[in-house]
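Engineer: Going by the numbering used here, the residue at position 44 of the sequence shown is 704; the numbering climbs one at a time, nothing skipped.
Check the hints yourself; a few may be wrong.
Said to hold, decoys possible - Dumping the calculated BS3-like pairs for lysine-lysine here, alpha-carbon to alpha-carbon at most 27 angstroms:
1. Lys-666 x Lys-701
2. Lys-678 x Lys-666
3. Lys-706 x Lys-682
4. Lys-706 x Lys-757
If you are wondering where the hints come from, they were derived from the structure by calculation, not from laboratory data.
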Amino acid sequence: MLDNWKRLLDLLPPPEKKHSFKRSWQTVESELGLSLPTDYKKFIDKYGSGCIMPSGGECGSIIIWNLRDVSDVLSWISTASRRYSDDQQSGNDLPFKGYPEPEGLLGWGTTPEGDFFNWRMIGEPDAWDCVFYHFSNAEMILLEGKGFVDVLVDLLEHNSSLMPYPIDPDNLKTPCAYTEEIW
Numbered sequence: 661m662l663d664n665w666k667r668l669l670d671l672l673p674p675p676e677k678k679h680s681f682k683r684s685w686q687t688v689e690s691e692l693g694l695s696l697p698t699d700y701k702k703f704i705d706k707y708g709s710g711c712i713m714p715s716g717g718e719c720g721s722i723i724i725w726n727l728r729d730v731s732d733v734l735s736w737i738s739t740a741s742r743r744y745s746d747d748q749q750s751g752n753d754l755p756f757k758g759y760p761e762p763e764g765l766l767g768w769g770t771t772p773e774g775d776f777f778n779w780r781m782i783g784e785p786d787a788w789d790c791v792f793y794h795f796s797n798a799e800m801i802l803l804e805g806k807g808f809v810d811v812l813v814d815l816l817e818h819n820s821s822l823m824p825y826p827i828d829p830d831n832l833k834t835p836c837a838y839t840e841e842i843w
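With the sequences and hints as input, model every part of the structure.
Structural biologist: The following block contains the structure:
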């Protein structure tokens, strides 16, 4: 059986274009004060900045945050954390806090609808579970035992607990392309 990285390469061919990055992983991780999961770094090194775009258009897209191309990582990452804090202050009972809180959530992507994909920072980075934040319901869905590449493969294979809600498999049809163009 193919491992998830190989499956991802088959489901979502990487762009042919070579990437240059503004910053090193060492610089990014130093700013964050933590290490990032290996599969995420490998993905960014291979795919660069961009969006998983279904053949039908924007609906069902997943924007992957490339922290190597962001000039102010802390400001970028705090976008999701502010959203969670605002929702909690509005009376929503969210089970997790955002970065930099201990065992908080660290965002790695978003959807056009304003939903966020995150890691739950417990244990070693390569063992972090992902958490999906569904914006319109102010709901967090723990994807236990699923790392970054696992989540992408499950979504692309229509095998995710996030389907059909909040991501409809009809809107995330393969073949998908990884594109630098975000709408």
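Engineer: Would you mind marking each hint as holding or not holding in the structure?
Structural biologist: Now for the hints, and whether the structure bears them out:
Using a Cα cut-off of 27 angstroms, the hinted pair Lys-666 and Lys-701 holds, with the two alpha carbons roughly 15 angstroms apart. Proposed proximity of Lys-678 and Lys-666 is supported: the alpha carbons are some 20 angstroms apart, at most 27 angstroms. At most 27 angstroms may separate the alpha-carbon atoms for a hinted pair to count; Lys-706 and Lys-682 meet this at roughly 15 angstroms. Restraint check for Lys-706 and Lys-757: the C-alpha separation of about 30 angstroms exceeds 27 angstroms, so the hint is violated.
Figure legend: structure checked against the earlier numbered hints; the only hint not met is number 4.
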